[in-house]
Amino acid sequence: MGQQIAHVDYLRLGDDPHLVAHECLGCGARYFDRRNACAGCFATEFRSVDIPKSGEVRAFTIVSLAAPGIPVPFVAAVVDCGGTSVRGNLINVELDADHVTTGMKVRLATYSLGVDEVGTEAIAFAFEPLG
Amino acid sequence: MASDDIWILGITMTKFGKHPDKDTIDLASEAVMGALADGEVTMGDMGVMAAGSLMGGLGIGQALQKQVGQTGIPVYNVTNACATGATALRTVVMSIKAGEADMGLAVGVEKLAGVGLLSGGGRKSDGGTWEPRGRFGAVAPVDGRIGTETMPGVFAQIGMEYGHRYGGTSFELFARISEKNHAHSTLNPFAAYQKRMSLEEIMGDVMIAFPNTRPMCSANCDGAAAAVLVSGAKLKTLSPTQRRRAVKIAASVLTTDPYEEACQVLPNVNTLTRNAARMAYEQAGVGPEDLDLVELHDCFATAELVHYDNLMLCKEGAAADFFNSGATWRDGALPVNVSGGLQSKGHPIAATGIANVWEVATHLRAEAGDRQIPGAKVGLAHVIGLGSACGVHILERAAA
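Going down the list, the protein sequences come from chains F and L.
All residue numbers for the first sequence refer to our numbering, where the first residue is 1 and numbers rise by one.
All residue numbers for the second sequence refer to our numbering, where the first residue is 1001 and numbers rise by one.
Because the hints were derived from the structure by calculation, they are not lab data.
Bear in mind the structure is a predicted one, so any value in this text is a computation, not a measurement.
Every residue gets a Cβ at the ideal spot worked out from N, C-alpha and C, and that includes glycine.
Be a bit skeptical, because a hint or two may be false.
[What the hints assert, rightly or not] Just so you have them, the derived chain L footprint on chain F, three or more residues with Cβ under 8 Å: (1) 14-25; (2) 49-61; (3) 67-77.
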């Protein structure tokens, strides 16, 4: 089996794929990319924290028209993972408003984006319905 | 007419729509010449100028001066996404307030007809090997894989989140908001679209990002708007007609989004609007109950709903009930977007934040023709640019 690489650097692969964030030591605010200072309290020190793998959909849309090259339709959502909001798609769900609802419980899932010419497989994350 | 008040002396907007025979400078010039004529002044009277255009290239203000009058005055070229027009207006307000000029010109212009979907812009994958790039070390575009950066999708989620928090929303409710604005536009000859649409037509149209169908999205179009502002002290020296038609800027506020959990994941358009509204009501010494009409930033039907709440036109959490009461129709208790709003009047981005002020001012001057809100004395204009920036202006009719 070839190498794997995460779609984004805040997705950690391995036996237990999960998301990580930079957490402000001053106020606990969390960011998925780097900050020079916290946007909330201006503190400058951060630590790496794991984000809970399950959560609740707080907002979603079903995108039917997107920029060229982006497959549609898809569900874009904001998931509240134990108090940390995460942006991600919903997968393994029927793409209509009867099956996708705010308040639904979801968990982190991963899927393959394909293999590049040296055999490395890129792995992306999304959320899927719990149970 | 206190000396330190700021007034609109002249203001105009071009018809919004397709202007294939006019370039950006032509359109902006039409608005500028219109605003100067409306105020019975010339470029020679202007002490400062602020100009905005997202797509019009660099130095739009100077290019415009070469078309209508070069006098050596300072030009501030401004951009603030969809709040660009309001930012240009506010820049002139600040300059007059600071005593650097007693009269100034603000202009916003955009050529957007046929541009299509506006998104954050995904990065193209270009084959070869996976290579991490950008702030997230992404090996492939994130738009479409980690949520959406398209505007219809972002604002759809903002409306859905409001519904999740407070209840009472549905696809049909959002579509009914759009039905209202399309109905309002039938009375506005400046609107890009003046076609009344039934609820069935709106709900049955092409889905862009649930629950926003195409007519529930702001219409990309061409347009420009410009305003001449004057200090209270200077206005006192002008003609009776100029004084009678002048409209007072009772409040001019610009805010950005303060940090809150989630605001960097899904833009929070609520808190900065609420903050701007609170400051504007305080500046103007009026409350939402004093407003005769509101032009708010209905870039999508889902956005209009949340701003009823953010502008405190209703009780917190009660936006759906407020709309269902009929209040925001033109014959309701507090008409909202009688111009047709961005969904039907159109949304040439940088022009929008001055065009909505023109709409309110035109009612306060009792010059709005068929769509006049009778006896309008006080009105509010609101825009929001993602990123985010929020502009709120409260206008009052001249006392005399």
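Each hint tested on the structure:
1. 14-25: violated (count 0)
2. 49-61: It holds: at least three residues are needed, and the segment 49-61 of chain F offers 4 whose Cβ sits within less than 8 Å of chain L.
3. 67-77: holds (count 8)
In summary, the structure is inconsistent with hint 1 from the numbered list given earlier, while agreeing with all the others.
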